[in-house]
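When you read off a place in the sequence shown, starting at 1, and then add 1307, the result is the number in my numbering.
By construction, these hints were calculated from the structure, which means they are not laboratory data.
For each residue, glycine too, the CB sits at the ideal point set by N, CA and C.
You can take every hint at face value.
Think about it this way: if two alpha-carbon atoms lie no more than 25 Å apart in a straight line, the pair counts; the simulated SDA-like pairs of lysine to any residue are:
hint	residue 1	residue 2
1	K1605	P1630
2	K1607	I1591
3	K1612	K1638
4	K1465	Y1436
5	K1465	K1534
6	K1371	I1535
7	K1605	E1646
8	K1376	K1469
Ranges between beta-carbon positions, derived for each pair:
hint	residue 1	residue 2	range
9	L1524	D1553	29 to 37 Å
10	L1395	W1375	28 to 36 Å
11	G1538	I1386	26 to 34 Å
12	S1494	K1421	38 to 46 Å
13	F1645	N1500	54 to 62 Å
14	F1317	I1386	32 to 40 Å
15	I1309	D1616	57 to 65 Å
16	L1395	S1499	14 to 22 Å
17	P1346	L1604	41 to 49 Å
18	K1469	L1419	18 to 26 Å
19	T1625	K1435	41 to 49 Å
20	L1527	K1435	25 to 33 Å
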Amino acid sequence: MIVEVILLFFGTILAFWLSAICGGGASLILIPILNLLLPASVVPFSLTIGTFTSSVSRIAVFKKHINWKIFFWFVPFSIPAVLMGAYLIKYINPNYLQLIVAFFLIANVPQLFKKVKNDETDEKASPKYVLAIIGFLAGFVSGITGAIGLLFNRFYLKFGLKKEEIVATRAANEVFLHLIKLVIYISLGLYSNLALWLGLAIAVATIISSYTVKYILPYLSENLFRKIGYGAMVVAGITLLIGTSDKIIQQDKLGITIAKSESIISWRSTDFVIEFAFDDGLEIERPIRPEELPNHLKTKYAALKNHYDVIHLEKVFTFRNKPSYEFYCYKDNQLTKFES
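Take these sequences, add in the hints, and give me the full structure.
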């Protein structure tokens, strides 16, 4: 474990260097690494220790560049949202939200090839209520995943902030969120000793990164800063997609089986059968329990049950048609199929 902590430490320094250069993203880079070392439910706690420390150290270094107008619109709406998100982490699998975040980040590919226009960087182009909406969404996502960095980097770019302003304003906006999350995670028991030590390793690395990155930013042009930012969003999205997909496949036993005209998608204890036939078109079939049958078919099921050893039921969905039902009845290993 000592080797993993050392690698995480130096990896964090590099990640937060990239984070400052790209306007964010270290957290999303570290999530796949922490997923290998910790259960998904305590990853946000470990990550938040590091990101809180990073925000504090960046405020100390770049405090004169904070855009207070954005701060006063962003923070009040993000605080109740982060409370909601942190509470829901006990009931929501963070991997699925991470998967949505991954697709959102990858969707920034077109921005890599788009020319920057002057009117796109005008802060007045977007109404102020957008700041409130972004603050709420940022708080909610941050509460569940422990990371918001690159996800809302595009928002800061759209409001015309310069590179130092993005680093400073993001830090000011997020420092309160991270502190609130830590309190909530601890109160809900969403932490562990290992998560604490990994979080402290990240925290020390972020301080080193924050105080050394100020010597790097002056050498980057605003246009290059933007391109690196969008590029980092896409790379982080792909990395997050691969890592999270693998965890979902393992945890929920997701699988796809293709045979002749039908494909079977397995998720947890349920099989969804996708079948295509030239006569009937595309059909999606889902196994159901007897109590899910309509009342008029429950009578039929009760009658068939007396004559067969086993009966499997499926609900069939077809385009522009009402759902139908199939009865797979077995007796002496012989199948008889009924459709209704």
